[in-house]
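Enquirer: This is what each chain is made of:
2 protein chains.
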Amino acid sequence: MSPWTAAQPGDPASAVDTPALVLDLDAFERNLQRMAQALHGTGVRLRAHAKSHKCPEIARRQVALGAVGICCQKVSEAAVFVAAGIDDVLVTNEVVGDAKLQRLMDLARRARIGVLADHPAQVRALAAAARAAAATLDVYVEVNVGANRCGVPPGADAVELARLVAASAPLRFAGLQCYHGPAQHLRPPAQRAAAIADAVAAARTTRAAIEACGIPVPHVTGGGTGSFQHERDSGVFDEIQAGSYVFMDRDYADNERAAGAPAFEHALFVRTTVMSRPSATRAMVDAGLKASSVDSGLPVVWQRPELRYLKAADEHGTLDTPAGDTPALGDALLLVPGHCDPTVNLYDELVCVRGGTVEALWPIAARGALL
Amino acid sequence: MSPWTAAQPGDPASAVDTPALVLDLDAFERNLQRMAQALHGTGVRLRAHAKSHKCPEIARRQVALGAVGICCQKVSEAAVFVAAGIDDVLVTNEVVGDAKLQRLMDLARRARIGVLADHPAQVRALAAAARAAAATLDVYVEVNVGANRCGVPPGADAVELARLVAASAPLRFAGLQCYHGPAQHLRPPAQRAAAIADAVAAARTTRAAIEACGIPVPHVTGGGTGSFQHERDSGVFDEIQAGSYVFMDRDYADNERAAGAPAFEHALFVRTTVMSRPSATRAMVDAGLKASSVDSGLPVVWQRPELRYLKAADEHGTLDTPAGDTPALGDALLLVPGHCDPTVNLYDELVCVRGGTVEALWPIAARGALL
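Those sequence lines, one after another, are chains A and B.
Here my numbering is used: position 189 in the first sequence is 189, and no number is missing along the way.
Here my numbering is used: position 316 in the second sequence is 316, and no number is missing along the way.
Bound-form chain A, shown alone:
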């Protein structure tokens, strides 16, 4: 990692070295409030997705505003958050392999831990590991509600797996994971609504089929920043897993906003400097693909629509500019990343700014936690 940080608390925001990952604290706090308000009084709880931020300081603020806990994708991420005092963590993923299962059980002795399953062999391995460790944990059956990623099909297969979990003490059958990832990024609101209507129907019939066997289904969990109001209003889901809403990114902003959906703001930026001005229509910035992930498309330049980020190399970004000298060599710009999650994963800290001053550096403690 860099032997020094991009800034220190108290520095002027204009002096933050680049590239740096900057969090606009006012916008961030408004985003937290908007999500809390959107769920207030609905009986639907927030389990904030921490894979987006990997930052205990943020998780603590989400819990303080009512989140039941967090979810994350990896056992090693969960370990970072449990160590930071988050006591309810769902690993929204299947976990396979003895080493990982032992780590998971270590966590389950210290916090409420959940995990997903979509195959009987996983359930048997989880139960054996839990028994050996004298631990218990929540197991959710993952249902494929349209993402075609992991998950058993809705209906009979899910019932069978739920029965197995319920019969596999000390595991607790905690309910259904019904997340539809691709639906988050459908641009027209009607398309997102239709995809989630299908997911809700699959969740509803699966839940009913399990309950018909006399097995309670404590939770149906899922939903993301792009769709959560549909899961919230479904009467089936009781938990939302949104993560990106704290930051927003270019990809989510490319969604057309549904009527009544909260207007989350861009709060996360890559600060960058023009380090070469080789022609009147080309400016080179010091933020390339190691500074802003390009898997969901290129970043855009914040509030400078006349500047177009054309191309990312490892450490160079090429901007197309109107003919002239603006931006000048040495000018700083803010980029809105294409995709917040993998961009955050490139940095060791968030430079938190408010009112033109660096207020804090927040460690991205689970950065690189892949195991």
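It should be emphasised that the hints constitute simulated quantities derived from the structure, not laboratory data.
Accuracy of the hints is not assured; some may be wrong.
Copies of the same chain are indistinguishable here, so a pair counts whether it falls within one copy or spans any two.
Simulated crosslink set (SDA-like; lysine to any residue; CA at most 25 Å straight-line) [stated by the list, open to error]:
| no. | residue 1 | residue 2 |
| --- | --- | --- |
| 1 | K311 | A280 |
| 2 | K311 | A36 |
| 3 | K311 | R109 |
| 4 | K311 | G97 |
Fit chain B to the known structure of chain A by using the hints.
Expert: Below, chain B alone, put in the same frame as chain A:
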């Protein structure tokens, strides 16, 4: 970062937790030897590009085999390598801003440091910072030889900038940076040869024009893994900046190999586990886009051409498989990353294996060094 590592020295390679970045030491060492042999006796030296590996253990082995030193893209990367004992480091980039210039001068008092310039304002700022710090350093004029990224045009503009550097003590005019990035990835050898022939012509005329002013041009440096034999044989370049040859990646392997070019081998792999097997033709692995960068396309499954890596989500990879149970839940696979540089930047260590055993963990000490 993860609170634990994927393996320990002495572990069987088959027990490495996933996802992990695995280096096949035998293949890696053969790649180092092949490059050393390709340059042996030519009078052209290697300045290995450390942005690819960010790993002092690798830089030391490159220097031991004859590399004059390394190059890298960032001042903070240079600091990591100087701290690790590499005493000749060229930052192959323009460096702008007082904070960065001061850091660069700190390094220039401890090691031989070089940097690029493509604008008079950069040269003036470098000279002022060097004088203030009582430091000296090598400054190379970057020439745009076809990449259309940074760099002054060949010819008169380059001459003018070289004059300014040469007149700006304590800066040393060290020569020309003439790197053609896009040429590295042209698939047909004839296209790479033609692009580099143009770059060589631009470098030759620019060098001659500067020398005609009585200014010696100590070095012409550039070239990469895809093209270096052309720069080597040009009679103009005396230094090669290849980096990816130590690892290779899917993108470089997609190049058709030129006659006589060294057959660099894949030495870098992302080890991954099948953690869900939701259908007879779909296997989900635990390595997504936070485990293998997708900017240059998707990874491929090593020596398993029947398995196709279709799609990367943050923490999931979707494999298309022939109908059946292979690979099975829990099976480990090796992926060849699409692009080695940003993939390495996602990990904290290389798990080095030989003969089925983990021989060492090498810290990727400059991972995330963006400043």
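Enquirer: None of the hints should be skipped; say for each whether it holds.
Expert: Against the structure, the hints:
no. : hint        : verdict
1   : K311 x A280 : within (17 Å within a copy, 39 Å between copies)
2   : K311 x A36  : neither (37 Å within a copy, 33 Å between copies)
3   : K311 x R109 : neither (48 Å within a copy, 35 Å between copies)
4   : K311 x G97  : between (40 Å within a copy, 23 Å between copies)
Against the hints set out earlier in the document, violations occur for numbers 2, 3.
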